[in-house]
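These protein sequences, in sequence, are chains A and B. The numbering used here numbers the first residue of the first sequence as 5 and each following residue consecutively. The numbering used here numbers the first residue of the second sequence as 42 and each following residue consecutively.
Don't take every hint at face value.
[To be verified] For each label pair, taking beta carbons as the anchor points, the in silico distance ranges come out as:
id	chain 1	residue 1	chain 2	residue 2	range
1	A	118	B	418	39 to 47 Å
2	B	352	A	35	17 to 25 Å
3	B	468	A	35	42 to 50 Å
4	A	118	B	356	35 to 43 Å
Keep in mind that the hints were calculated from the coordinates and are not lab data. Bear in mind the structure is a predicted one, so any value in this text is a computation, not a measurement. We put the CB at the ideal spot given by N, CA and C, even for glycine.
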Amino acid sequence: MYPASFTLSNIPEHPEAVMSALRAFIVEDSPVILENLVGTLEEMANVEVVGSVGDEAAAINWMTQDPQDGADIFIVDIFLRSGTGLGVLQAAQRLGVGARCVVLTNYATEDMRRRCASLGAERVFDKSRQLDELISYCADLAGTPSQPMPLSPAER
Amino acid sequence: MFDLDPLLQHASRRRLATALLASLAAVAVMAISESAYQFAEQAVDSVRTRNAARFDALMLRSLLADAETGQRGFLITGREDYLKPMQEAEVQMPLVMERLSAQYKGSEWADLVAQTRQRAEEKFSELRTTVELYRSGQHEAWQSVMAIDYGREKMDALRQATERLEAHERDRIATDRGAIYRALMFGRFGVHALTLLSLLWLLYFLRKNEALHEARREHAEILRDERDRLEHEVKRRTSELTDLTRYLQTVREDERAHLARELHDELGALLTAAKLDVARVRRLIAKGTLTDVDERLSHMSGLIDEGITLKRRIIEDLRPSALSNLGLTPALEILAREFGERSSLAVHTSLDEVDADDHTKLAIYRLVQEALTNVMRHARAQTVWVDLTRSGSQTLLRVRDDGRGFDPSAVPAGHHGLLGMRYRMENLGATLRLASAPGQGTEIEARLQNTPQPQARPDSAGAAKPAEEAAQHEAR
Chain A
5 MYPASFTLSN
15 IPEHPEAVMS
25 ALRAFIVEDS
35 PVILENLVGT
45 LEEMANVEVV
55 GSVGDEAAAI
65 NWMTQDPQDG
75 ADIFIVDIFL
85 RSGTGLGVLQ
95 AAQRLGVGAR
105 CVVLTNYATE
115 DMRRRCASLG
125 AERVFDKSRQ
135 LDELISYCAD
145 LAGTPSQPMP
155 LSPAER
Chain B
42 MFDLDPLLQH
52 ASRRRLATAL
62 LASLAAVAVM
72 AISESAYQFA
82 EQAVDSVRTR
92 NAARFDALML
102 RSLLADAETG
112 QRGFLITGRE
122 DYLKPMQEAE
132 VQMPLVMERL
142 SAQYKGSEWA
152 DLVAQTRQRA
162 EEKFSELRTT
172 VELYRSGQHE
182 AWQSVMAIDY
192 GREKMDALRQ
202 ATERLEAHER
212 DRIATDRGAI
222 YRALMFGRFG
232 VHALTLLSLL
242 WLLYFLRKNE
252 ALHEARREHA
262 EILRDERDRL
272 EHEVKRRTSE
282 LTDLTRYLQT
292 VREDERAHLA
302 RELHDELGAL
312 LTAAKLDVAR
322 VRRLIAKGTL
332 TDVDERLSHM
342 SGLIDEGITL
352 KRRIIEDLRP
362 SALSNLGLTP
372 ALEILAREFG
382 ERSSLAVHTS
392 LDEVDADDHT
402 KLAIYRLVQE
412 ALTNVMRHAR
422 AQTVWVDLTR
432 SGSQTLLRVR
442 DDGRGFDPSA
452 VPAGHHGLLG
462 MRYRMENLGA
472 TLRLASAPGQ
482 GTEIEARLQN
492 TPQPQARPDS
502 AGAAKPAEEA
512 AQHEAR
């Protein structure tokens with residue numbers, strides 16, 4: 005479990021406007037990516053990473069413990085150490101998991117997007133091109149809209 | 042191998058000789074038979090002639106005796122019909138005499154025959170005279186003629202002569218008969234002998250024939266064995282090659298999978314992380330928190346460095362730059378040193394400079410790589426020795442370890458890797474030898490023939506080179 009790290013530099017003082025962090029559970033097998041992802045999300049998007057695993061079985065295991073309210077969002081990679089993200093999505097559907105599921109993958113083809121959507125994924129983000137979008141998405145959910153600088157033509 | 046040809050040649054030469062001999066034998070039999078027949082025919086003719094002559098001699102005597110008896114009868118009785126034999130003799134005697142004269146003409150008996158003729162004529166004239174005298178009534182005259190024994194002398198002489206002739210003819214007949222027997226004997230033995238010889242020859246021929254068949258059978262069996270052996274060998278080789286092909290394809294796919302995984306897992310992750318850093322920097326700038334930007338950029342630079350390192354490693358794994366840039370010996374030294382560091386084994390090298398073409402150098406490098414990999418995986422050794430020596434016309438590579446060894450007759454671990462090496466060596470005209478015993482370490486030895494090569498230039502060694510060259514440049 006990662007410690008929550010808030011970088012809320014522009015939170016208003018009103019109690020009812022206190023933004024609670026978005027609790028995220030990450031399914032990603034690359035330690036390098038995971039580390040950097042956690043850092044980025046927690047710093048830039050008001051996310052609290054409540055847990056992370058590298059394979060399908062462990063993910064399902066975690067989900068089963070508290071399907072309804074274990075996390076607010078699941079960020080799932082497709083290619084895992086064992087099993088696949090698709091299996092995780094399927095299990096999430098089956099278990100009636102309350103959180104949203106989004107996919108972060110290097111393999112975001114049209115076909116894959118369709119399959120993920122049909123398995124209940126809200127969004128699919130390409131790991132190479134759509135990292136900004138993911139950050140923004142999480143920030144929006146967390147209630148602290150965060151915008152990067154406008155995209156350059158090359159990145160669009 | 043059993044050589045069938047001389048035997049066949051021998052047999053065919055023999056065949057000509059045999060045919061010749063057979064013909065000769067047949068001709069001989071016919072000749073013997075024919076000559077025996079001719080001879081016997083002659084002898085039979087001769088006998089016939091002799092019998093005729095004998096008969097004539099007897100006939101002469103008989104005629105005269107009959108004539109004499111007739112004369113006596115006539116003289117006693119006076120009856121004319123007693124004279125019939127005389128008349129007969131008068132007619133027959135000349136004919137007989139002619140025949141006898143002809144028969145003995147020119148022989149030693151001719152005189153005797155002439156004498157006989159004379160005697161006969163004298164006797165006959167005596168008979169005639171007495172008959173004439175009687176007829177003319179001169180009885181005392183014919184009695185005195187009778188009394189002087191003239192007739193009797195002549196008759197005796199005649200009898201002796203004819204007896205002699207007859208005896209002679211009898212002898213001659215006996216001789217002739219003997220000759221016939223001899224001829225027949227000759228023919229008979231000749232035929233027997235030839236029949237026997239033919240039989241012997243036939244037996245001999247049958248034996249030789251049997252020997253020929255036996256030889257052919259043996260030959261066929263030897264060929265069959267040879268063919269079986271070759272078939273077996275071909276099967277073995279084919280299955281070996283099939284194994285090897287399967288293994289090489291598997292290895293290739295495995296290598297590709299490994300490479301893909303490395304690129305994806307490690308390099309991919311670094312790049313993604315770098316992109317995250319970029320995203321963060323951009324947001325920091327947008328927020329205006331510039332103090333953290335430097336930290337982020339630093340971090341990103343580190344990621345890129347890691348990426349470069351990784352890329353270098355991958356490339357070195359694919360094709361060592363040292364090999365084509367520094368040479369085989371330095372490349373092997375580096376390989377050995379890195380292996381020692383990775384595996385914590387003691388590695389001793391003794392490397393001569395080797396003059397060979399690029400394919401050979403690469404093959405040697407790979408062989409050492411494979412050998413060292415096997416040592417690390419299976420040998421459980423403490424020390425490894427790598428020797429590359431050049432002696433005369435041969436280059437000798439030896440990799441030895443002091444590990445646990447294995448039983449060469451059982452399939453060794455790392456078998457396929459070394460089998461591939463073995464074929465690679467064979468393609469270069471080299472030999473690979475693997476020696477090991479349980480508890481006694483393992484030694485791999487490769488012997489290559491030295492073919493002096495000109496120093497290979499980068500663009501002269503084959504199609505794969507340009508890609509490698511590009512890879513080498515990347516690595517620097």
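Each hint tested on the structure:
no. : hint                      : verdict
1   : 118/A / 418/B: 39 to 47 Å : 45 Å, holds
2   : 352/B / 35/A: 17 to 25 Å  : 19 Å, holds
3   : 468/B / 35/A: 42 to 50 Å  : 44 Å, holds
4   : 118/A / 356/B: 35 to 43 Å : 38 Å, holds
The structure shown violates none of the earlier numbered hints.
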